Amino acid sequence: MVPAIAIALLVVGGAIALVFDRLWQDSAFLELRAAGEAAALAAANRLADDSTLRKVPDWETICQTARTAASDIAARNLVGGQPVKLWADEEGDIELGREIEDATGGKVFVRTSERPDCVAVHIEQGRGPSNPVGLLVRDLTGAGRLLRTTVRAKVDHHVAGLRPYEGVNAPMLPIAIAAVGPTGWDAAVTAGAGLDTSSVPYGTATVTPIPDGVSEVTVWSAPIEADPEQQMLATVHVFDIGNGLSGRKLADQCRDGWSADDLRKHGGELWLDGKPLTLKSTPKIPNEVTTELRSLIGQARMCLLYDAVTPGSSPDQWNLICSRLVAVRILAIQQSPDGMVVLQLQPAVVVTRTAIVDDEMPVLWNPYVCKALLTN
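The numbering of the sequence shown is the UniProt record's numbering, which starts it at 1 and goes up by one.
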């Protein structure tokens, strides 16, 4: 009788151990997955920083910085009570590359160090001493001690527009910059004719007088008393997205970005997928806006480019024809006694959850705006 009871207790105890071990595995796997997602997204964000805009990007350094970011974030996470370790060397646990279509139309990951936009994080964790029941089960059943998973994330630059949602505003400025002309964006930035005088170290908003290989553009508004002919010389406008052109409302947008309510006249979203967008504007920047722009020096924000400007319904109002979304950092602001505002701007990269992406349209590829997302 006693041996039978002992055997029964052993069987029951083993069954209970299996149940607890399964619960531990499920909980630990969720923790492992969360750590992998955080690491993959951290690396993806580093693949889209301002250094990618340099005339000659240092992709070796960018890739290593991305791997290090993934490793650092992973180390802050615990799985089964133990910190996560990712090897950040080139042959380690973090692979960089691209997702391409295979013969069946499915997406496959291909390693590359030349302008990668996708990260694959291979993450694993043992049971460790925090799960003694699991160690017993391993001894009884021969079950392995490791949990493993792979998490992929990418930065999608195929941006078709912006869609703010509750609690998440689009980091947008209500300003538009001239795209064409000898001092416009296309000449200064795209063609690289602009000066390169300053830089903003990653993770800061501090402007330093050190060139960084990214061409800058300088734009100016019209004086407050400028007549229509003088206003035509301006290369930056503030525009009405649906809330009017009052200085206070525009300043609020500079500070807070765009909410879904700000875009209510556009259905809560703004599409910039190649179709021209006509917006009311003025080249006279209100003092409230200038004050808010000063507080944003060094920070990355999105804005629009305009290709043409036509007279509006009043002497100070114009119509902008816009079709492109870019991102900038304000390096310096000067305001003259007549109210003219001069902005020294540097192109930037903004990673935002509010971006509407469509990777089926290569023509939408935008080096300045993207969205980081998980792909598996």
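Hints listed in this document are in silico derivations from the structure and should not be mistaken for laboratory results. Take the hints with a grain of salt, since some may be wrong.
With a straight-line cut-off of 30 Å between C-alpha atoms, the simulated DSSO-like cross-links for lysine-lysine are [said to hold, decoys possible]:
id: 1; residue 1: Lys275; residue 2: Lys55
id: 2; residue 1: Lys107; residue 2: Lys280
id: 3; residue 1: Lys107; residue 2: Lys371
id: 4; residue 1: Lys280; residue 2: Lys265
id: 5; residue 1: Lys85; residue 2: Lys107
id: 6; residue 1: Lys371; residue 2: Lys275
All figures in this text were calculated on a predicted structure; none of them were measured in a lab.
Structure-based check of each hint:
At roughly 29 Å between alpha-carbon atoms, Lys275 and Lys55 fall within 30 Å of each other, so this suggested pair holds. For the suggested pair Lys107 and Lys280, the alpha carbons sit about 42 Å apart, so the restraint of at most 30 Å is broken. Distance restraint check for Lys107 and Lys371: the Cα-Cα separation of roughly 18 Å lies within the 30 Å cut-off, and the hinted pair is therefore satisfied. For the suggested pair Lys280 and Lys265, the alpha carbons sit about 13 Å apart, so the restraint of at most 30 Å is met.
For the hint linking Lys85 to Lys107, the alpha-carbon distance of about 28 Å falls within 30 Å, and the restraint holds. A C-alpha spacing of about 21 Å is found between Lys371 and Lys275, which places the hinted pair at or below 30 Å, so the restraint holds.
Checked against the numbered hints above, the structure violates only hint 2.
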